[in-house]
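K.L.:
Sequence:
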Amino acid sequence: MSRLSKQTRSLLDKARDSATQAISVFNDPRSTFRTGNFTVLMTIAWTALLHSYFEKKKIKYYYKQENGRFIKIDGDRKAWELGESVKQIFDENDPIKRNVELFIKLRNRIEHRNLPGIDQELTGECQALVLNFEGWLISQYGDEYSLIDTMFVPIQLTSAKRVLPKTKIEQKVIEFIKSYRNILTPEVINSQQYSFKAFLVPKIGNHRSSSDVAIEFVKYDENNPQEMEKYEKAIVAIKEKHIPVANTGLFRPSSVLVELNKRGIKKTMNWHTTMWQKFKVRPASNSKQKVQTKSEYCFYDNAHNDYLYTEGWIDFLVRQAEPKSRKKGIKPKFTKDLLGVI
Numbered sequence: 001m002s003r004l005s006k007q008t009r010s011l012l013d014k015a016r017d018s019a020t021q022a023i024s025v026f027n028d029p030r031s032t033f034r035t036g037n038f039t040v041l042m043t044i045a046w047t048a049l050l051h052s053y054f055e056k057k058k059i060k061y062y063y064k065q066e067n068g069r070f071i072k073i074d075g076d077r078k079a080w081e082l083g084e085s086v087k088q089i090f091d092e093n094d095p096i097k098r099n100v101e102l103f104i105k106l107r108n109r110i111e112h113r114n115l116p117g118i119d120q121e122l123t124g125e126c127q128a129l130v131l132n133f134e135g136w137l138i139s140q141y142g143d144e145y146s147l148i149d150t151m152f153v154p155i156q157l158t159s160a161k162r163v164l165p166k167t168k169i170e171q172k173v174i175e176f177i178k179s180y181r182n183i184l185t186p187e188v189i190n191s192q193q194y195s196f197k198a199f200l201v202p203k204i205g206n207h208r209s210s211s212d213v214a215i216e217f218v219k220y221d222e223n224n225p226q227e228m229e230k231y232e233k234a235i236v237a238i239k240e241k242h243i244p245v246a247n248t249g250l251f252r253p254s255s256v257l258v259e260l261n262k263r264g265i266k267k268t269m270n271w272h273t274t275m276w277q278k279f280k281v282r283p284a285s286n287s288k289q290k291v292q293t294k295s296e297y298c299f300y301d302n303a304h305n306d307y308l309y310t311e312g313w314i315d316f317l318v319r320q321a322e323p324k325s326r327k328k329g330i331k332p333k334f335t336k337d338l339l340g341v342i
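Quick note, the sequence shown lines up with residues 1 to 342 if you use UniProt numbering.
Since the hints were derived computationally from the structure, they do not count as laboratory data.
The list that follows gives simulated cross-link-like pairs (lysine-lysine, DSBU-like), each with its CA atoms no further than 30 Å apart:
#, residue 1, residue 2
1, Lys178, Lys97
2, Lys57, Lys6
3, Lys72, Lys294
4, Lys87, Lys57
5, Lys262, Lys168
6, Lys14, Lys197
7, Lys178, Lys105
8, Lys78, Lys64
9, Lys97, Lys288
10, Lys58, Lys78
11, Lys64, Lys290
12, Lys72, Lys58
13, Lys97, Lys78
14, Lys280, Lys294
15, Lys278, Lys288
16, Lys105, Lys56
17, Lys278, Lys105
18, Lys105, Lys60
19, Lys288, Lys267
20, Lys64, Lys97
21, Lys294, Lys64
22, Lys178, Lys262
23, Lys288, Lys178
24, Lys178, Lys197
25, Lys58, Lys105
If you anchor each label on the Cβ, the simulated ranges turn out as follows:
#, residue 1, residue 2, range
26, Lys168, Ser139, 33 to 43 Å
27, Thr185, Gln88, 16 to 26 Å
28, Ser146, Lys57, 14 to 24 Å
29, Asp76, Gly264, 56 to 66 Å
30, Thr268, Asn305, 21 to 31 Å
31, Ile138, Thr185, 20 to 30 Å
32, Gln192, Ile89, 15 to 25 Å
33, Ile104, Thr32, 15 to 25 Å
34, Thr273, Leu4, 48 to 58 Å
35, Leu131, Arg9, 22 to 32 Å
36, Arg9, Lys178, 36 to 46 Å
37, Glu311, Arg9, 48 to 58 Å
38, Asn93, Asn27, 22 to 32 Å
39, Trp271, Glu311, 15 to 25 Å
All C-beta atoms, glycine included, are put in the ideal place defined by N, C-alpha and C.
Taking the hints into account, I'd like the entire structure generated from these sequences.
P.N.:
Written as C-alpha cells, this is what we have:
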C-alpha cells in the first residue's frame, strides 16, 4: 500500500480510536448509557473512515453552493455528513448503507437520553455496524489496521434475557426501530451485514480434546458446503423457521381510510392528501428527497416507490377529525347552524 497522507492517517486514527471506544462502551457491564454512547461513537468512526477514504482517493467531500463554490462555516469548508458520505459509496439497498442509516436516524433520538430499554432491541444491528466497519476498514487499508483484538463476546451472567421496563420514550424509539425494519426489503433485513445474528450453543463436556475454547462459532459461508451443513444443523437445533413479514403495522392510504372508517370517521383520499401536505408528513411524489418523512407518521417504501403510514398517523388523523368542541371536552350547543335552520 502506498504511503498515506497526513490527513488520511489522522482521519484513519480517529476512526479506529472512536470504534474501539464504542466497542468498549457497549461491552462494559457498568455502562448505563450503552446504546447512546455506542451510536455517537460509531457515527464518528464511520464518518472519519469514509472521509479518510475520500482523502486517499483525492475526492472533494465538501458541500458546494449553486455557483460551484464550497460552503464554509467559520472559515472551514463544510464536509459531507455521514448520510451523504454513505450515499456516495454504497448502492441504495446495500445492507451496509441501510444499517448505517438506521444509526444516523437514531442518533438524534437517543443522543441526550438514557434509554437502557432499547439495548436488547438493537444488539444485532450494533454488532453488524461494527463488523461492517471492520470489514470495510480492512478492505481499504489492510489487515494491519484491523480491530479484531478489541472485539470479543462478553460473558453473560444469565442464559435468558432480562426484560427491562420500557418508558414511553423507549417505547417510541423501539416503535421507530421496528417501523424502519418494516420498510426494508427481505434481502436487506435477512442480511448479516444489516443485522448480525449468531447462536451460542452450549457444549456438553469439558474435555480439552473436544474443544479448546468456551464458545464454538459456526461460520456462515455459502461457498463452503461443510460449514453450511453445520450452520443449518445449528439453526434446526436452536429454533424453528421464522418467515419475516414486511411492512407489518404500516398502512397504505386506502387502508388508512378503512381504519378511520372503523372508528366512525368517513373521509376521502383527497382529504388524506390534504392532511399529509398540511402537516408536512412526507415530500411530494415528484420530490428527489423521497425519504425525508416524519418517521413517527410515515415511511418511504423503496421497493414499491410509494409511502406507508403508521398507527400514529391514524391516531393523529382521528384527533384532527374530531370536532373542536369534543377536543376541548365541551358539550356542543344546538345552534341554528348545527340544526341547519335558516
